[in-house]
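Trainee: The chain contents come next:
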Amino acid sequence: MRHVFSVAIGPVGFRVGSDWRGPVAALEQLYASYPKPQDGIADFTVRLFADRPWRRFFRPKVMIGGDFVLPEAAPLSLEHGLLAAEMAMNLQMALGQRRYLLLHASAVERDGKALVMTGLSGAGKSTLAALLMTRGWRLMGDEFALLDPETGLIHAFPRLISLKNEAIAVMEMGAPGGTFGPLLADTPKGAIRHLVPDHRSVAAMLEPARPTLILFPTFGHDAATRKVAPSEVFVRLTQASTNYVALAERGFTALMRLVAETPARAIDYPDTESAIAQVEALWASL
Amino acid sequence: MGVALDGHLLARALADPASVATLDSAGWQALLTIARAELLSASLAHRLDGIAKPEAAQRFLDDAKASCAQGRLVALWEVEMARRALGDLGVPVVLLKGSAFIAAGLAAGQGRFVGDLDILVPRADLDRVEAALLGAGWEWVKPDPYDDAYYRRWMHELPPLIHRERDRMIDVHHTILPLTARPTPDADALIANSVPLENGLHMLDSDDMICHAAAHLFADGDLSGGMRNLWDIHCLVDDFGIAGLAERARRHGLASAVRRALRLSRALYGTQLPDGWARSGSDDGLYLRRLTARDGWGRQTRPVTRLGFYVRSHWLRMPPLMLARHLWTKWRKQAG
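Protein chains in written order, with the working numbering: chain A, 1 to 286; chain S, 1 to 336.
Keep in mind that the hints are not guaranteed to be accurate.
What the hints assert, rightly or not - What follows is a set of in silico ranges between Cβ atoms, one per label pair, in the way DEER data are often shown:
id	chain 1	residue 1	chain 2	residue 2	range
1	S	Asp24	A	Ala229	50 to 56 Å
2	S	Asp24	A	Glu72	49 to 55 Å
3	S	Gly308	A	Met256	51 to 57 Å
4	A	Gly136	S	Leu307	34 to 40 Å
5	A	Ala248	S	Ala131	27 to 33 Å
6	S	Leu76	A	Glu72	56 to 62 Å
7	A	Pro188	S	Gly308	54 to 60 Å
8	S	Gly285	A	Leu153	49 to 55 Å
9	A	Gly178	S	Gly105	52 to 58 Å
Claimed, not checked - Straight-line Cα separation of at most 30 Å, DSBU-like style, residue types lysine-lysine; simulated pairs:
id	chain 1	residue 1	chain 2	residue 2
10	A	Lys61	S	Lys65
11	A	Lys164	S	Lys333
12	S	Lys333	A	Lys36
What the hints assert, rightly or not - Covered, in the sense of this in silico footprint (three residues per stretch, anywhere, with C-beta under 8 Å from a C-beta of chain S), are these stretches of chain A:
id	segment
13	43-50
14	174-186
Rather than coming from a laboratory, the hints here were simulated on the basis of the structure.
Backbone N, C-alpha and C define an ideal beta-carbon position, used for all residues, glycine too.
Starting from the given sequences, assemble the full structure and let the hints guide the process.
Mentor: Below you can see the structure in the form of structure tokens.
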């Protein structure tokens, strides 16, 4: 393809081909500190392309393709080409990843131990992970946590942090020295701005961590913390996994082990400062 | 590297695993991407066992193998579900394609991805088979009355059924080509010659398996997925030889399709053939061009060639007037 970019994010290599320079230039800039795929061989290929030749120039529309595709993915405008690339890379993971059990969760690490946060969209898992990154935690990922069925460890997948709507201002305040991508207004998911994980999170991205606490945060209520029964954790994590069914027995065994060995809590929080305090208190009490 | 970055790259690696020693990282990337797009990544993984390769390539292929192993388990379970639904009918049930290769432990099943479950039953027993499947939880996917009537009148199989809990499709054949196609395979002979498996189901005998693969490739389809089809044929010939094949192919009206399949399989994968089969067809080059139309990004290439074969597939499938009527009905439905 005309323009090519490749990158390793945690243990996974990607190759992105694009009909336009724009998305690749944005990726080069934001992923500048990341290594290239091992041996120059990517696990997944992503293609950003015009479905008709003139669509490269005239009202360009970015179609999303790659090794694994959804049949009716809607195209994006060229201004949102960076988002298209990120969505396409996520899609390869969601549909094609078979080495790890994929949990739709954010994760941060301290002292070799991982805190895994999952919940419905809008629960704040990305924002909380990004804020914890600015307060001494290593960011392992804001979208996917990779559970290794062989070892029971969590592997990092620290792609660009995808901040949506209100979270953008929160992190512009919270990480004033951070490297941000362009503000993408009016995307199908609202406003989006990417934040580059800090140097330490990128440098340590191949170090896995032992899962130590599973957290289900919910935004918009008075601060409260409750225990979550293993049966509920199990069911919620099966729903939060895109490849649980595909991994079959390996997935089941890995998830059973995770649930059996890892305490879980649900927290309600009224604002991010309370959430941080609740997390630190919970962590200290383990 | 001396080989184009298209389907030939994959063919060469499957035919001669040692040849990957010359690949640089771009070559490996293209090979793996093409193999994945052609649904041959796990077959390639098995072929390249014990061959030195970059760590990242090894990991890629290990993943493909593991994923395929899981798919194999699911496919075998689906076979077992069909056996439970149909086992007591007293009807011979013949497994076709990938499910048969896997159930019988053939080399062609090594790394073979299996999608739908395809079975062949006598046409006289179709109604009972259909009723038994509906009773066991399979449901229609094509509620459109035209499609349904078309399948029942003209096709070689029932309209596809999907199981409502397991979400897996079964195709119930009563022969191996549409009734509208020019060759008419001898379906009774296919069943009479079938070979029993341990579980009470059957598979086609090896000559008929090759005939079926060739029929599917050249008398029915537009050659998409053809590299995998020919790899099946290559493995079957390797396992069973072709002693009685010419005679069998003639009986099914598939002599030229089978000859072409073997020639192309030899051209791509180096299949060993006796001298009589060696003469190459004048348009084999065009077929090879279509079969290998895939670039290092996994994209289909050569759109004009592909379109030609697409048109040809419909031309072969039904007579011109019928084709016109069919396309007209389809078009009106779409427009409406």
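Trainee: Could you tell me whether the CB distance from Gly136 (chain A) to Leu307 (chain S) stays inside 34 to 40 Å?
Mentor: violated, 60 Å
Trainee: Does the Cβ distance between Gly178 (chain A) and Gly105 (chain S) fall inside 52 to 58 Å?
Mentor: For Gly105 (chain S) against Gly178 (chain A), whose Cβ atoms are near 57 Å apart, the range 52 to 58 Å holds.
Trainee: For the range 54 to 60 Å, tell me whether the beta carbons of Pro188 (chain A) and Gly308 (chain S) fit it or not.
Mentor: The hinted range 54 to 60 Å is violated for Pro188 (chain A) and Gly308 (chain S), with Cβ atoms some 38 Å apart.
Trainee: Please count how many residues of the segment 43-50 of chain A have a CB within 8 Å of a CB from chain S and say whether that reaches 3.
Mentor: Satisfied; 3 residues make the cut.
Trainee: Evaluate the given range 49 to 55 Å for the C-beta pair formed by Gly285 (chain S) and Leu153 (chain A).
Mentor: holds, 53 Å
Trainee: Can the restraint linking Lys164 (chain A) and Lys333 (chain S) be considered satisfied, given a maximum Cα separation of 30 Å?
Mentor: Cα-Cα ~42 Å, so violated.
Trainee: Using the beta carbons of Gly308 (chain S) and Met256 (chain A), state whether their distance is inside 51 to 57 Å or not.
Mentor: Since Gly308 (chain S) and Met256 (chain A) have Cβ atoms about 54 Å apart, the given range 51 to 57 Å holds.
Trainee: Starting from Lys61 (chain A), check that the Cα of Lys65 (chain S) is at most 30 Å away, please.
Mentor: violated, 36 Å
Trainee: Falls inside 27 to 33 Å, the C-beta gap from Ala248 (chain A) to Ala131 (chain S)?
Mentor: Holds - the Cβ-Cβ distance for Ala248 (chain A) and Ala131 (chain S), about 31 Å, lies within 27 to 33 Å.
Trainee: Measuring from beta carbon to beta carbon, are Leu76 (chain S) and Glu72 (chain A) in 56 to 62 Å?
Mentor: violated, 32 Å
Trainee: Are at least 3 residues of the segment 174-186 of chain A within less than 8 Å of chain S when you compare beta carbons?
Mentor: It is violated: at least three residues are needed, and the segment 174-186 of chain A offers just 0 whose Cβ sits closer than 8 Å to chain S.
Trainee: Is Lys333 (chain S) within 30 Å of Lys36 (chain A), Cα to Cα?
Mentor: Roughly 50 Å between the alpha carbons, so the hint for Lys333 (chain S) and Lys36 (chain A) is violated.
In summary, the structure is inconsistent with hints 2, 4, 6, 7, 10, 11, 12, 14 from the numbered list given earlier, while agreeing with the others.
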